[in-house]
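Q: Below, each chain spelled out in residue letters.
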Amino acid sequence: MIFPRNIIGPQFSKGDIVTFAFAGTELSLRLPIIPLNKHNEDSVSSIKDFRNQDISTWSEDDQGNHCEQLAYQSWSFEDAGSLDNIALSKLSVSLVHVNPNKLLNSSLLKFSTFEKLVMDGLAYSFPNDESPEHSKSRFFAKPIAQENIDWLQVMIHFDLEKTPIPTMFIPLTQSFFIMISLEIESLHYAGRTNPYSNEVLKQFEFDLFEDFLSHVKVEYTPETIAQINLLNNKTPA
Amino acid sequence: MSLPSAPNASASYFQFQQSLDQYVFFSPLTMGGASGRAVKIHKDLFLPFFCVVDPNTHDGQSIIRQIENLRTTCTIVRKETGSGYRNNPPQGDKHKTQLGKVTSAFHQVLIIKNLHVHYRMSQEAGDKAPGIYISSIRVVSEGASTSAPGLYESKASFGSKMPLTEKMKSSAVDGKKVYINGNVQNKDQAMKSARYATNDNNALLFYCPARVSDELGVMGSSAKSNITNNTLNELINVFKQNQKASRGVSWYVEGEGANILAQALKQIPGDLSTHEFRFVNPIANTAKLLESLTNKKAKLEGEFFKYDQNRAALISLGAQKDELLRVIGKLPAGKNYDIITRSYILKSINDLSNTGNKAATQEAKLSLATKTFVQLLKAAGVYRK
Numbered sequence: 000m001i002f003p004r005n006i007i008g009p010q011f012s013k014g015d016i017v018t019f020a021f022a023g024t025e026l027s028l029r030l031p032i033i034p035l036n037k038h039n040e041d042s043v044s045s046i047k048d049f050r051n052q053d054i055s056t057w058s059e060d061d062q063g064n065h066c067e068q069l070a071y072q073s074w075s076f077e078d079a080g081s082l083d084n085i086a087l088s089k090l091s092v093s094l095v096h097v098n099p100n101k102l103l104n105s106s107l108l109k110f111s112t113f114e115k116l117v118m119d120g121l122a123y124s125f126p127n128d129e130s131p132e133h134s135k136s137r138f139f140a141k142p143i144a145q146e147n148i149d150w151l152q153v154m155i156h157f158d159l160e161k162t163p164i165p166t167m168f169i170p171l172t173q174s175f176f177i178m179i180s181l182e183i184e185s186l187h188y189a190g191r192t193n194p195y196s197n198e199v200l201k202q203f204e205f206d207l208f209e210d211f212l213s214h215v216k217v218e219y220t221p222e223t224i225a226q227i228n229l230l231n232n233k234t235p236a
Numbered sequence: 000m001s002l003p004s005a006p007n008a009s010a011s012y013f014q015f016q017q018s019l020d021q022y023v024f025f026s027p028l029t030m031g032g033a034s035g036r037a038v039k040i041h042k043d044l045f046l047p048f049f050c051v052v053d054p055n056t057h058d059g060q061s062i063i064r065q066i067e068n069l070r071t072t073c074t075i076v077r078k079e080t081g082s083g084y085r086n087n088p089p090q091g092d093k094h095k096t097q098l099g100k101v102t103s104a105f106h107q108v109l110i111i112k113n114l115h116v117h118y119r120m121s122q123e124a125g126d127k128a129p130g131i132y133i134s135s136i137r138v139v140s141e142g143a144s145t146s147a148p149g150l151y152e153s154k155a156s157f158g159s160k161m162p163l164t165e166k167m168k169s170s171a172v173d174g175k176k177v178y179i180n181g182n183v184q185n186k187d188q189a190m191k192s193a194r195y196a197t198n199d200n201n202a203l204l205f206y207c208p209a210r211v212s213d214e215l216g217v218m219g220s221s222a223k224s225n226i227t228n229n230t231l232n233e234l235i236n237v238f239k240q241n242q243k244a245s246r247g248v249s250w251y252v253e254g255e256g257a258n259i260l261a262q263a264l265k266q267i268p269g270d271l272s273t274h275e276f277r278f279v280n281p282i283a284n285t286a287k288l289l290e291s292l293t294n295k296k297a298k299l300e301g302e303f304f305k306y307d308q309n310r311a312a313l314i315s316l317g318a319q320k321d322e323l324l325r326v327i328g329k330l331p332a333g334k335n336y337d338i339i340t341r342s343y344i345l346k347s348i349n350d351l352s353n354t355g356n357k358a359a360t361q362e363a364k365l366s367l368a369t370k371t372f373v374q375l376l377k378a379a380g381v382y383r384k
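Here the protein sequences line up with chains R and Z, keeping their order.
Those letters in the first sequence? Residues 0 to 236, per numbering that gives the first Met the number 0, in order.
Those letters in the second sequence? Residues 0 to 384, per numbering that gives the first Met the number 0, in order.
Any given hint might turn out to be false.
[To be verified] Each computed DSSO-like pair below joins lysine-lysine, with the alpha-carbon atoms no more than 30 Å apart:
1. K320(Z) <-> K161(R)
2. K101(R) <-> K141(R)
3. K201(R) <-> K168(Z)
4. K37(R) <-> K320(Z)
5. K216(R) <-> K160(Z)
6. K320(Z) <-> K89(R)
In short, the hints are calculated from the structure, not lab data.
From just these sequences and the hints, can you work out the full model?
A: Next comes the structure, spelled out in structure tokens:
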């Protein structure tokens with residue numbers, strides 16, 4: 000990816016390939032190699048194989064789903080002219096195991112179930128006066144067409160002091176899905192103005208997010224694909 | 000003072016000439032001759048530099064290499080430093096030219112990341128060619144400007160192990176743990192340290208933006224900007240509203256955050272007898288702060304002092320060890336377990352300050368012509384941990 004103007008920083012296309020295994024599914028990510036710095040964070044889950052994991056010890060979110068952080072990275076982008084840190088970037092990939100009580104014998108591999116679960120979950124965490132039907136438009140939810148099962152992209156207003164950030168939900172197995180979000184925050188030094196406007200950085204955030212997703216690979220086994228086709232009433236090609 | 004302040008050796012040309020023997024070569028690459036101009040730095044800047052620049056990091060290397068590049072200076076490079084006011088109003092052209100004439104007669108500024116390096120070009124006795132003399136440095140940290148100072152709490156959200164950081168609507172902190180952060184880029188990092196320091200996922204954060212901790216810090220300016228005043232007022236307000244907290248309030252104060260607490264305490268009337276304080280790597284005049292807390296009858300019990308590998312805190316301890324031990328010695332005698340922890344704290348301060356002083360004694364070695372500033376910085380690096 001070509002960064003706008005004079006921005007320099009790690010490239011996803013040159014990152015480390017990290018693979019996680021699930022029952023019937025394999026997920027690979029390209030995590031950027033970030034420089035060692037005082038404020039940077041670079042953590043990747045030590046668990047790589049989730050086929051026989053005891054999830055009962057994981058921490059829970061506000062709705063009783065067990066969660067694990069697959070990766071959390073935070074680094075600063077620099078301006079090549081001044082070498083100033085101009086934007087703080089936070090990349091988070093979290094793995095969620097859906098509470099079986101919520102699934103009721105259905106499977107995340109059925110897109111309509113998956114979509115409803117995510118939208119209900121978001122509406123619960125970020126309540127609003129609107130009815131649940133409106134929450135889809137509130138979060139700008141849109142399915143992203145994929146070969147087997149679609150992904151769901153939403154804009155989440157995590158922090159009311161800031162603007163909504165792009166987040167992608169990807170179903171992996173019957174009860175596991177991942178949530179990927181990327182945020183760029185403008186950095187300022189006292190007495191110096193940031194040469195990059197918030198609009199430029201917002202567009203950059205979106206482009207970076209697309210770039211990261213282009214390196215995310217989800218491989219399903221033939222059995223899983225058959226199951227997906229069955230659940231979504233698709234005739235196999 | 001907790002940290003040795005940067006000397007104002009650039010105040011006048013006369014003072015500069017008086018202190019010429021205090022300047023040492025910056026690095027092996029900047030000793031003049033075949034590699035370019037000589038770059039020299041005032042040796043009193045060793046400790047401030049040690050606290051701000053870590054040669055093991057990318058940012059630290061950027062700073063060191065940029066300073067080394069001053070050896071190729073042919074024309075004067077200047078950058079807009081801004082007027083220093085909140086809105087950074089543009090300066091008039093006439094004012095700028097006048098100001099430019101005044102400053103260029105004295106010194107230039109190299110702005111590199113969070114460091115302002117003040118230097119002048121001059122040919123002094125013994126110099127074969129005009130060289131660069133670095134006379135002072137100033138720290139200006141970068142930070143996200145979107146988050147307002149004040150109280151924040153964690154809120155769990157859908158599908159994430161890491162809770163969100165959300166501004167609190169009230170300022171009631173009775174019975175809670177409240178953490179005041181040191182120098183961090185944004186509130187999420189601050190909240191993360193809050194959970195780590197308090198060992199409690201429901202701890203509250205009093206967020207103090209990086210700009211504020213810079214301004215109140217030892218290398219900061221004496222003038223306070225609006226954001227600093229706002230932060231102070233927020234904190235004073237929290238103290239006033241919870242002064243008589245029946246279940247008590249546990250405060251955890253990290254690094255530079257101790258400075259804002261010290262400032263706020265000056266403006267709080269009455270005592271804080273139900274408030275308990277703990278310090279993590281304080282970078283401030285800790286002895287004075289402990290004294291004013293004792294005057295307010297605040298609780299300093301158990302392991303109220305913690306250090307985990309922060310170089311600036313180490314230096315700060317080394318510089319004020321005796322004072323600190325004296326103040327802790329004057330605290331009301333504890334009971335039971337407190338007696339043990341108190342002696343443990345005293346012992347650890349003693350040991351730590353010895354290490355801090357070892358780093359400081361590296362500075363003395365700078366007068367030897369054989370070693371340069373950066374070489375010693377690396378040698379002193381072993382005392383970082």
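Q: Now look at each hint and say whether the structure bears it out.
A: Outcome of the hint check:
1. K320(Z) <-> K161(R): Violated - the C-alpha atoms of K161(R) and K320(Z) are around 43 Å apart, more than 30 Å.
2. K101(R) <-> K141(R): holds, 22 Å
3. K201(R) <-> K168(Z): holds, 28 Å
4. K37(R) <-> K320(Z): holds, 26 Å
5. K216(R) <-> K160(Z): Given pair K216(R), K160(Z) holds - Cα atoms ~23 Å apart, limit 30 Å.
6. K320(Z) <-> K89(R): violated, 39 Å
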